[in-house]
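Chemist: Working from the sequences, and respecting the hints, build out all of it.
Residues 1 to 237 in the UniProt record's numbering are what the sequence shown spells out, letter by letter.
These are calculated hints, taken from the structure and not from any lab test. Quick caveat: nothing in here was measured; it's all calculated off a predicted structure. For each residue, glycine too, the CB sits at the ideal point set by N, CA and C. Please note that the accuracy of each hint is not assured.
Distance condition first, Cα-Cα at most 25 Å in a straight line; then the derived DMTMM-like pairs of lysine to aspartate or glutamate [said to hold, decoys possible]:
| # | residue 1 | residue 2 |
| --- | --- | --- |
| 1 | 156 | 70 |
| 2 | 59 | 9 |
| 3 | 59 | 217 |
| 4 | 134 | 217 |
| 5 | 219 | 93 |
| 6 | 56 | 217 |
| 7 | 30 | 40 |
| 8 | 152 | 164 |
| 9 | 56 | 40 |
| 10 | 211 | 70 |
The calculated label-pair distances, taken between Cβ atoms and stated as ranges, are [to be verified]:
| # | residue 1 | residue 2 | range |
| --- | --- | --- | --- |
| 11 | 4 | 166 | 39 to 45 Å |
| 12 | 30 | 228 | 25 to 31 Å |
| 13 | 135 | 185 | 32 to 38 Å |
| 14 | 96 | 67 | 23 to 29 Å |
| 15 | 4 | 217 | 32 to 38 Å |
| 16 | 159 | 211 | 24 to 30 Å |
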Amino acid sequence: MGSNEERQEYLSCYTYLINNLKKPYEELPKFQNHYVRLLENYVPYATYGSGFTVVKAYKSLESSHNLTPENIRLANILGLCVDMCLCSYLVTDDIMDSSETRFGVPCWYRNADVGTQAIIDIVLLENSPFMLFKNYFSNHNCYIPLMELFRKVNFKAAMGQILDMMVTVNEIPQFHLFTMNVYQIMVENKSGYPFFVLPTVSALHLAGKAKEELHKDLKSILLRLGEYIQVQVIYFF
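Modeler: And the structure:
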């Protein structure tokens, strides 16, 4: 299957998931519309990043006889769960940095009818994957490991964001706090875990191949990739 076809399948799955997530709130149309708008605001742009990595990694890791349409659909769902989680970090980062735009459009919190409500919307994005886990993975061996992984990465991403803010107060660098050790921990938690460890290890869990020794070696490589990307972001932007 070609890359364009795979991405189209991924986006089609996203439309299906939005309908799934909004269905329980049909008696609350205003909330339902807001929730859908929130999901549509970021995730379509993020689908060209880390979430789609889950699908590609799963297809590479899984035995060919297990690459059934249903399992590939689960990989797409899991990738979109990663995207929702990552989008919650992007909304947070935009607020903390007072950013104007994201993906070429105004940041979510910059919308006149959103503002500080975006703080609560972050919670919605962060917890939406767990709603989907219950619906699609509760009968799979990866169910508990996935929930633990997402919760762990959520905490680490928050920790990385806080460390980032602590070393700069009112746009003044706090050089006495900014050691190489603090920098590496900050980058690992803010970039490495969310954007590299989360999608790759999610695919490992879905394929049933998240062995401790493999996980440990792979994590070391993925965290270095996160550091490399963060250095590029700092240099170019």
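Chemist: For each hint, tell me whether it holds in the structure or not.
Modeler: Hint check results:
Proximity of residue 156 to residue 70 is assessed by CA-CA distance (about 32 Å); at most 25 Å being required, the pair is judged violated. Straight-line distance between C-alpha atoms of residue 59 and residue 9 comes to about 14 Å, which keeps the hinted pair within the 25 Å bound. The hinted pair formed by residue 59 and residue 217 meets the criterion: a straight-line CA distance of about 20 Å does not exceed 25 Å. Simply put, residue 134 and residue 217 have alpha-carbon atoms about 30 Å apart, too far for the 25 Å limit, and the pair is violated.
This hinted pair checks out: residue 219 and residue 93 have alpha carbons roughly 24 Å apart, not beyond 25 Å. Restraint check: the Cα-Cα separation between residue 56 and residue 217 comes to about 20 Å, which is no more than 25 Å; the hinted pair holds. Using a Cα cut-off of 25 Å, the hinted pair residue 30 and residue 40 holds, with the two alpha carbons roughly 15 Å apart. Proximity of residue 152 to residue 164 is assessed by CA-CA distance (about 18 Å); at most 25 Å being required, the pair is judged to hold.
Between residue 56 and residue 40, the direct Cα distance comes to roughly 23 Å. Compliance with the 25 Å bound is thereby established for this hinted pair. The straight-line distance between the Cα atoms of residue 211 and residue 70 is roughly 24 Å, inside the 25 Å bound, and the hint therefore holds. The hinted window of 39 to 45 Å between residue 4 and residue 166 holds, with their beta carbons roughly 43 Å apart. In this structure, residue 30 and residue 228 break the distance hint of 25 to 31 Å, their C-beta atoms being roughly 44 Å apart.
At about 35 Å, the CB distance of residue 135 to residue 185 agrees with the hint of 32 to 38 Å. A beta carbon spacing of about 40 Å between residue 96 and residue 67 contradicts the range 23 to 29 Å that was offered as a hint. A beta carbon spacing of about 33 Å between residue 4 and residue 217 agrees with the range 32 to 38 Å that was offered as a hint. Checked against the hint of 24 to 30 Å, the pair residue 159 and residue 211 passes, with Cβ atoms roughly 26 Å apart.
Of the hints listed earlier, those the structure fails to meet are numbers 1, 4, 12 and 14, in rising order.
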